[in-house]
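Trainee: Can you make the complete structure from the sequences, with help from the hints?
Residue numbers (the working numbering), protein chains in the order written: chain A, 1 to 116; chain B, 1 to 114.
Read the hints as simulated data drawn from the structure, not as lab findings.
Cβ atoms here follow ideal geometry from the backbone N, Cα and C, with glycine treated the same way.
Some hints could be false.
Said to hold, decoys possible - Chain B stretches covered by chain A per the calculated footprint, using a threshold of three residues with CB under 8 Å from any CB of chain A: (1) 44-51; (2) 101-109.
As the list claims (entries may be wrong) - Going by beta-carbon spacing under 8 Å, a handful of chain A positions derived as facing chain B: (3) THR32; (4) PHE34; (5) SER43; (6) LEU44; (7) LEU46; (8) THR49; (9) ILE93; (10) SER95; (11) GLY104; (12) TYR105; (13) PHE107; (14) GLY108; (15) SER109; (16) GLY110; (17) ARG112.
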Amino acid sequence: GAVVSQHPSRVICKSGTSVKIECRSLDFQATTMFWYRQFPKQSLMLMATSNEGSKATYEQGVEKDKFLINHASLTLSTLTVTSAHPEDSSFYICSSLPPGRDRGYTFGSGTRLTVV
Amino acid sequence: GESVGLHLPTLSVQEGDNSIINCAYSNSASDYFIWYKQESGKGPQFIIDIRSNMDKRQGQRVTVLLNKTVKHLSLQIAATQPGDSAVYFCAEALGGGATNKLIFGTGTLLAVQP
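Mentor: Structure follows, in structure tokens:
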């Protein structure tokens with residue numbers, strides 16, 4: 001139980017285009033979803049926290065107009081990378097803490113974004 | 001800002017030996033800690049967690065130790081197997097509630113030699 005399904009797993013896009021990444025909680029209601037970015041051989045860096053029905057909270061240094069987050073329902077949060085550039089190429093991962101869960105936060109399988 | 005860090009970026013062990021991965025955290029207010037395992041190209045996988053009111057917790061082949069006095073966390077893996085090869089992250093949160101951010105350490109690559 002407590003699965004977060006993330007899609008797509010891999011995406012290649014051209015510079016200047018936008019890419020949407022979806023994270024769905026399959027068997028619980030995710031009132032909060034955390035979005036992370038991970039560069040090769042580095043740790044997960046928290047980008048933003050999305051809350052259902054309200055504006056996302058962004059970490060310092062993360063451009064909110066570039067990384068659009070929408071959390072319109074209790075089971076779906078999306079991250080849109082707008083006007084993507086090669087430096088946005090990274091591994092993006094979402095996470096949530098299921099209610100009553102005693103095994104920590106659950107993570108999506110990640111999205112490998114390559115901007116060419 | 002405050003962060004969680006690790007002493008060793010790479011740890012190489014022989015199959016069957018015990019592994020110890022260390023982590024130092026700086027936020028004394030953090031009260032929930034988790035160890036994750038991450039294989040290449042995948043999301044983090046929960047290993048074990050511990051709350052600040054404990055100093056030790058055991059799972060299957062893994063033990064987490066928490067020393068709040070020196071703000072140190074460790075993960076012990078018994079009888080390390082090739083399948084344990086991965087990057088291990090410690091992470092900390094304040095309160096452990098659904099809205100509390102989880103901050104990751106820098107990671108340790110565990111390489112198990114056959």
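Trainee: Give me the numbers of the hints this structure contradicts, sorted from smallest to largest.
Mentor: Going through the list in order, the structure violates no hint and respects every one.
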